[in-house]
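Trainee: Chains A and B supply the protein sequences, listed in that same order.
The opening residue of the first sequence carries number 176 in the working numbering; numbering runs sequentially from there.
The opening residue of the second sequence carries number 66 in the working numbering; numbering runs sequentially from there.
Certain hints may be false.
Subject to a maximum C-alpha distance of 25 Å in a straight line, what follows is the list of computed DSS-like cross-link-like pairs (lysine-lysine) [unchecked claim]:
id	chain 1	residue 1	chain 2	residue 2
1	A	405	B	151
2	B	151	B	137
3	B	139	A	405
4	B	82	B	169
5	A	405	B	169
Just so you know, these hints were derived from the structure itself, not from any lab.
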Amino acid sequence: MSDNSKLRLGEFETQVKDGAVDLINRIETGDFAGAIKIIQDLSEARHNNFYNEVGYLTRSLHDAIRDFKVDSVDQIVDQVDGASKITDATDRLNYVIDMTNSAANTTMDMVDSSVPVASQLQDQARDLRKDWGRLIQRDLTPAEFRELYKRIDVFLQTADESATTLHSNLNAILLEQGYQDLTGQVITRVTELIRDVEEKLVHLVAVAGRVDSISGMEHEDIENEVDDTKGHGPAINSDNNPEVLNSQDEVDDLLSSLGF
Amino acid sequence: MKILIVDDFSTMRRIIKNLLRDLGFTNTVEADDGTTALPILQTGTIDFLVTDWNMPGMTGIELLRSVRADEKLKTIPVLMVTAEAKRDQIISAAQAGVNGYVVKPFTAVALKEKIEKIFERIDAGK
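Next up, chain A with everything else stripped away, as it sits in the complex (with noise of 0.2 Å):
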């Protein structure tokens, strides 16, 4: 579709260049008249091209925007109505916060309920222990070893029973790092999603490019500098970026020769 518009516009360089050399040569000649019309006749051809470009820069767009809804109504999501997919991929990604989340919460919430079960076996063996040396010592009254005998029983339980409840907690945990593989796989969808969209919008800039080119247009580079006070987020591909500490002990460096 680009090579009916790039031939287009070879055309009418080809037209300006011997427009150009023709204007000189009437210039030269004392041929006024010729040389206005040669300038209208560029000026007007540089119109029509203009109006061209534009033209399938709307009809570009058009079709980019009817693509976006067009593939918005796949298997994914297939209830919405003229919704953009953009929605549907923001809808996934807060689908993944809410997974990292609950995952993270209820892996915490194992981990709190085992922590005093763990304590609390480490308590009684301790205490066990203790009186269990002063046995092997031979240091214990018949009472005293009476109540150690009874003591081990009811450890022995304990411990029978808090291994079950840590198993089961464990198990829990284990079974709660599924969100991986589905949070997985709902950013690889977004992430095609994204890479469509691009592939798009570099379609439209090239379009776009060729419409300035006609219209002499030129842009100023806007800034695209990202203030350091709202944030970053993560480093990703921190490797490949010198401005970016890789590790704690990177920081710690680096504060101590600033004098911390």
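For chain A, the structure is supplied; the task is to place chain B on it using the hints.
Mentor: Below, chain B without anything else, positioned relative to chain A:
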């Protein structure tokens, strides 16, 4: 010792709260960004501030600057626990008067070490 934990993610607040509890700091309060943290700080009951950087509303660095600019709050020790790891950011945090900087993901050991170091410095300065 009352510690204010500021992070927009409740899970991260919970992790920090649990780690602090293991270190013996059981008295903690939470806020989800600088805007909600400041009124809590202004009650004058907070002895230590742990804050994230990247938060909606008021960010951690803005909170740090507000704390240092406030006559009543400026001596509160501030530990930053954040995923922000750009050299310039760490330098601006240092210039703003941060007392410690821990990058996420972090370990319990790193957090403990930085907190202890901050208290050592405070004790040495007394």
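Trainee: Does each hint hold? Answer for all of them.
Mentor: Hints, verified against the model:
Pair hint residue 405/A plus residue 151/B holds up; C-alpha atoms about 12 Å apart against a cutoff of 25 Å. Between residue 151/B and residue 137/B, the direct Cα distance comes to roughly 30 Å. Violation of the 25 Å bound is thereby established for this hinted pair. Under the criterion of a C-alpha separation no larger than 25 Å, the hint pairing residue 139/B with residue 405/A is consistent with the structure, at around 22 Å. For the hint linking residue 82/B to residue 169/B, the alpha-carbon distance of about 15 Å falls within 25 Å, and the restraint holds.
Between residue 405/A and residue 169/B the CA atoms are separated by roughly 17 Å; this keeps the pair inside 25 Å, and the hint holds.
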